[in-house]
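Chains as they are written, first to last, in this note's numbering: chain A, 88 to 297; chain B, 88 to 297.
It is worth saying that the hints were derived from the structure and are not from the lab. Check before you lean on any hint, since a few could be wrong.
It does not matter which identical chain is used: a pair holds within one copy or between any two.
[To be verified] Heads up, simulated DSBU-like pairs for lysine-lysine below, C-alpha to C-alpha not over 35 angstroms straight-line:
1) K117 x K294
2) K117 x K134
3) K227 x K294
4) K294 x K134
Residue strings, one per chain:
Protein chains: 2
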Amino acid sequence: MSILTTRDRILQTSLAMFNTHGLAAVSTQKIATEMGISSGNLHYHFKTKQAIVERLFSRFAQRLEELDAAYADIGAIDDLWLSLHLRFEAISEYQFIYRDMPYLSAEYPVLGRRSQDLTATNLLAAQALCEGLVAAGVMKASDEQARILALQLVFTTSCWLSFERLVPGREPQKSADPGLAAFYTLTLFSPYVSSDAHTYLDYLRSKYLR
Amino acid sequence: MSILTTRDRILQTSLAMFNTHGLAAVSTQKIATEMGISSGNLHYHFKTKQAIVERLFSRFAQRLEELDAAYADIGAIDDLWLSLHLRFEAISEYQFIYRDMPYLSAEYPVLGRRSQDLTATNLLAAQALCEGLVAAGVMKASDEQARILALQLVFTTSCWLSFERLVPGREPQKSADPGLAAFYTLTLFSPYVSSDAHTYLDYLRSKYLR
């Protein structure tokens, strides 16, 4: 087995265990046991649990930043829906990050700061997106409305999965529906979008609302 | 010292410690040590940590339900701002509850279910509020828009303080500004409110937006 493969398996196993059991409850010892490798072997690849968490955080941040960069190609509401869908998939795949943020930022202050930097990057990208949608005539909004919409967009994508656990009738272990989450996020835009875009929102509504 | 007083002091100390150190990190032993009482004395008042958490949760839920009940008296946007202000104060005072929800609901499933029931109650109240504001002519919205607005209202009040920790420039220990949080929540209503109500939103904007 190559070094790369073991390293990747450690990251995959850690991610799954952090998501299922919570970041606080999973030690490097437990990860090694789960993988059937020695602590020494794991230690050879990652000196500390923090090093594993940092690597996973970097991958997560990269996913979101790629989605931020792709905002430039969004020229209609259906593109936006797809983009939000992919974002919720990424946040769900790395769900421990936003879910366990109080523990993560207290335990690893460097990652707390990187999370804030990521939010700042996301906010700027969301602002450019909203301004772009106004410029393209997809929606009508003042500069201030576009800024507030960008803030609502980042807030909703960051926190929606945490809120879903508070809503009755949800199985705690059931994975979230990224399509529904994307539809819900789009409803923030509905007061501002043009009538063309409303046709697509109506289609999504028929798909997701009872 | 009366039984009531020690009992209340235990609850106050526990609340402060849960908020500061996180629910997971605080044991009944640590609470007793902090108060300078014996574990036996604490145990006399609360058999388990869960009993303390349940009592604090009941107080929190009662605060929110009282605010839900007071929605019936809201006939204008400034009443709504005050009501949201008070709600964010309550959520901030019991901040460990929504912040540490993943741990809380895993450790005490009965409280996970009570949190979901509380969200359901809040959603129904928010829906009645939005319908009331439409009926009073404070805003214009279809039934579906009012339902979505109610969902956005409950989502925002439940999760905003968690999001604030993700925003750069925030001191992690600094307490949130309930007035700013209330203003932000009101911006969800702004596409729907009448021009009279916009005067008050403009006043809040001048106070809270740079």
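Status of each hint after checking the structure:
{"no.": "1", "hint": "K117 x K294", "verdict": "neither (42 angstroms within a copy, 51 angstroms between copies)"}
{"no.": "2", "hint": "K117 x K134", "verdict": "both (15 angstroms within a copy, 32 angstroms between copies)"}
{"no.": "3", "hint": "K227 x K294", "verdict": "both (25 angstroms within a copy, 25 angstroms between copies)"}
{"no.": "4", "hint": "K294 x K134", "verdict": "neither (48 angstroms within a copy, 49 angstroms between copies)"}
In summary, the numbered hints that this structure violates are 1 and 4.
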